[in-house]
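All chains, full assembly: derive it from the sequences and hints.
In terms of our numbering, the sequence shown is residues 1 to 123.
There is no bait here: all hints are sound.
Quick list of the computed label-pair ranges, beta carbon to beta carbon:
#1 Arg5 with Arg90: 33 to 43 Å
#2 Arg74 with Gln102: 16 to 26 Å
#3 Pro61 with His36: 24 to 34 Å
#4 Val93 with Arg41: 43 to 53 Å
#5 Arg5 with Gln111: 14 to 24 Å
#6 Gly50 with Thr95: 33 to 43 Å
#7 Ile23 with Arg74: 36 to 46 Å
In case anyone wonders, no lab produced these hints; they're calculated from the structure. Treat the numbers as computed from the prediction; the structure is a model and nothing was measured. No residue lacks a Cβ here, since even glycine has one placed at the ideal position from N, Cα and C.
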Amino acid sequence: MPPRRHLNLVDRGRALAWVQEGIRLREIAARLGCSHSGIVRLRQRFLATGSVETRPRSGRPRSTTQRQDRYISRQALQTTTTTATTIRRRLKVATNTDINEQTVRNRLHDQTLPQGVNLAAFY
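Here you go:
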């Protein structure tokens, strides 16, 4: 079975247009590379709410944006011997965002850095 993926807003709109044209749900799922049940849930959500937007999730919001995450990984790749504290300070100066050193470590761990990056310097 091929790997499944989440649908972006454009593909969700396409799926609903195909549903309204009368194309079978399994055919739509095959065209978009997603599961049949995902198309069923999308259709049900649209009928119930009139929207295909993703609903808000529960949980604490992230303290950094995607752009700040890229900045953190760039700093780590430029100087592999730098510490999480140094990257944290640079981020504070660059974006006025105050985060914990552990957050820097978490972001670097999330962004599977290539082999050869001295991760020992971060711990």
